[in-house]
Amino acid sequence: MNSRNNVGRIAGAVLALVLVACLMCGCAARQKPKPQVMLTLACWEGPEGLASLKTLLDRYRQQHPNVNVEIQQVPGVQYYQRLKVQFAAGVAPDIMQLAYDQLPTFAERNTLEPIDRFIKRDRFPVNKMFPELLPALRYEGSFYGLPRGWTTFVLYYNKDMFRKAGIPFPRAGWTWDDFLAASRKLTKDTDGDGRIDQFACDPPTQTDGLAGWIWQNGGRMYTPDMKHCLLDSPEAIEAIQFLADCQYKYNVFPRPEQAQDLGGGGEMFRSGRQAMFIQGRWACLTFRGAVYPDGRVIDWDVGPVPMNKQKATVLFANCYVLRKDGPNLEEAWKLMRWLTGIEGQRHQARTGRDMPSFVEVANSADFLDPVNPPEHDRVFLDAAQYARPLEVDANTGANAEIIANEIAQIFTARKDVRRAMRSIVPVIDKNQEGGK
Amino acid sequence: MNTRKSLRTGREAAAAAGFLAPSFIGLLVFAIVPIFGALAVSLLDWDILTPPKFVGLANYVTIWEGLTKGDTLRQVLANTVYFTAGTVPLAMAASLAIALLLNRKIWGVAAFRVIYFLPSVTSIVALSIIWRLMYNPEYGIINRVLGLVIANPPGWLADPNWSMPAIIIMSVWTGVGYNAILYLAGLQGIGASYYEAARIDGANAWQLFRHVTWPLLSPTTLFIFTMSVIGGFQVFTQIYMMTAGRPTPQTTVYVYHVYSQAFTSFKLGYASALAFVLFLTILVVTLAQLSVTKRWTFYGN
Amino acid sequence: MKRRALIIDIAVYLALGAVGVSMLVPFGWMLIASLRDKTEFFSQVGSLLPSGPHSDNYVQAWTSVPFASFFANSVLVAVCVTLGQLITCSFSAYAFARLRFKGRDALFIAYLSTMMVPTQVTMIPLFVLMVKLRWIDSYLALIVPFVASAYGCFLLRQFFLTIPQELEDAATIDGCGHWSIFARIILPLSKPALSAFGVIAFLGSWNSFIWPLIVINRPSMKTLPIGLQSLQGYYGDGNWAVLMAGAVVAALPMLIIFLIAQKQFIEGITLTGLKE
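Chains as they are written, first to last, in this note's numbering: chain Y, 1 to 436; chain S, 1 to 301; chain D, 1 to 276.
A hint or two may mislead.
[As the list claims (entries may be wrong)] Partial list, computed: chain Y residues near chain D (C-beta under 10 Å):
(1) Ala-42
(2) Gly-46
(3) Glu-70
(4) Ile-71
(5) Gln-78
(6) Gln-81
(7) Ala-89
(8) Val-91
(9) Gln-260
(10) Gly-264
(11) Arg-270
(12) Ser-271
(13) Val-291
(14) Tyr-292
(15) Gly-295
(16) Ile-298
[To be verified] Cut-off 20 Å, straight-line C-alpha distance, at most; resulting in silico cross-link-like pairs (EDC-like, lysine to aspartate or glutamate):
(17) S:Lys-53 to Y:Glu-433
(18) S:Lys-267 to Y:Asp-294
(19) Y:Lys-164 to Y:Asp-197
(20) D:Lys-38 to S:Glu-138
(21) Y:Lys-188 to Y:Asp-299
(22) Y:Lys-415 to S:Asp-71
(23) Y:Lys-415 to S:Glu-138
(24) Y:Lys-324 to Y:Asp-189
(25) D:Lys-38 to Y:Asp-294
[As the list claims (entries may be wrong)] Stretch-level coverage of chain D by chain S, calculated; a stretch enters the list once three of its residues show a Cβ under 8 Å from a Cβ in chain S:
(26) 101–110
(27) 120–128
It should be emphasised that the hints constitute simulated quantities derived from the structure, not laboratory data.
Predicted model only: the values in this text are computed from it and were never measured.
Virtual Cβ for every residue (Gly too), placed ideally from N, Cα, C.
Could you put the whole structure together from the sequences, leaning on the hints where they help?
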């Protein structure tokens, strides 16, 4: 008897509590304008890029106070592996940066949300973007990404060092021979201690740095149908051998013991130890305000990359993509739309992080900045006439790893170029056979 | 009588089940089942993003071919053996020497012990960072000091021939204090009576060491030896932090290879097979140690 | 005779001192480097002392990656794992040491045999399990697999076996059940073994590297060791000063704890002989 009464009392108390809780929730829901949304955004930005991105996101927050964005910054080397694990475990970020050469890999595995319907619904002005860009954003006909920005690869050069060596600045029509001659004059021991501390340039470490040289020599990385790798073709080997000679024969590129822990070519250029550096627009962000160890500001500019048998350079784009069937798809799309829209692109152009994807922004003072270096922003746009996107398919990610490892062997362990390329071509061909 | 006993044993069994349940479930799910899981995965070709493919013993065949014909796996194994053969004797000799020195009744032993132990309690990640800086061929402190004495100091981590020695030196440095403490405990466990008896017989310091200390230390020595060898085969963190298998394959050790195959190249089946081979190797080493223990150690007879 | 002993003592001191200096130099260098300006690292004219203590390196290290999260995560995980292991292992050790049941010894050997398997074997299937359970990037993946420890069971059983039976016999006569014997007699007497093992378990969890590296991708969920590694990746050799500051900050807590609790540490190591 007693226990039944107790049960009744307890049940009644619980019911009452539940009712009160519901009422409170109802009131709270009516008071709050919109529910708080938490988005995760993955990127590989370094210190300057991250600061720039945070500024942009703060501005978005001001307009959308209910949206919180957690930035997942992952170093470049591990970036794509981490994403893959997160996808496998269902914890992938809502919105991610992806280099366009990785887009097919992820799109093919059904991990990205196709955005055609969003673009159509919100009338995102893709027709106002540079047409060269559009193929990079699509996979099998559907749009998957929109650009954070894009770039062509150009030659950054240190004007102080060129002046001191008495070499004319790189201009259109510069050849490999001009490049080599200049490099030999630019590599020297500046403080007389018997050790070379100024280098001309640095060897490529990845596909995007390598492809340009191969194309300039008339070669290709793959056959047009992507079935065979052409890294062992005479043109490709000749191009890579030229770079290897720069390092070991002419000593104009630093060897590992000379540049250990100095952070690679970009860091060397930024600290005033290297005269030239081939990269995309994003280096402008890190190089603006760069100083020599003694504090003087580095005077630098950009010019076209040298040519050999052909004029060619790399076209590169970094995109934002959305996680497929993500829990916050609509909010994530809105953020992506803003970051890749006119306002976001103006910010990217002004900070020097990217070439803006919209033609009108690229032709405005946001990009053609008369005040900040580089002086010749036009070089980026002019290079678009002969820039090519990388030869890309769903296996590019896996192949990039193989190629990068082998390049490291060539430039750090003196592996013979022919042997190196001959050892990886069969492996890559096998990948290409199996995949799309 | 029978019922009471069986009631008691029944209750004890029930109590045992209660006491054992947490660890049993934990070990079953996270230690025992994964062993079979690893075997199962090693029979697959799997990249975690797409459905797995059964390939039978193909991964093991690849390992066999890699060891007998190819060069990557052979290099990896050679690196691992090189590392182990380099660190174990050096670390043991150094830590024994230090323990012998510390065993003397001098003032300040406690302070020395603390200092020697510092590297062992410091994150090896942090230690890898500072050693990487010290090893810099042009500007690091090691070569700046060496450069005063030698004409061409080695390139350390940048030089394929010196990268593994560099890591060996750093690893020995990190582990020496720890092993010294173990040796010290072993030394202090040797009864003074042995030394007295030997001194009465007129033994000098070296003879004391050879005939009293060393034999009575043999259990400790063998323990440290086995642990060090097994540890040597499993080294990972300092490789990952200092060289990450680059710029040359000279420092890619076995566990780093397993990691990169599994989590960089996403070849989980192959990596699992590699891990299983490691398991068998360690098993063999441990069994060898057990049989040697029976023959060599000296428990005070 | 006395002079000879004195010379030997001096030689011993010199030797020990030299080794001690070699132990301390990298720590000192780490500290000095962390106070430099980032341009001072790779110039030949670098002097021994930094130009002026650039303590903003520490601020930068702390803010460029979520250091506070790294610490919090490491503490949470290590505490949970230690408590978990202490509880599960002491329970099991009691069962193995004091209770009689069929198959007890066989089960104990089964427990021990799990110690023979290197972690690299189980890490891949455990990773797959974490992916399937969707525990990736969560505390569950960092804590739950390590709550049971065969090693702890072995160790504590050894210790429990050394406790004289008479105390328990007296308690049984008084009518105490197993739980009270365990909680009121065995545990209080085992404090030295428990604290030694606890220290080892804590240290092992705190320094754990490869497992968090595998299961944690999200920066805010990283533990200290892999968080420090991500600092290295973030600056990519562009700012060694900040990296050194990060290393100092990461190494400091364990150093301080060690200096305070030396006795437990050393006891723990000698008792268990195991590092992680």
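Flag every earlier hint the structure violates by its number, smallest first. 16, 18, 23 and 24
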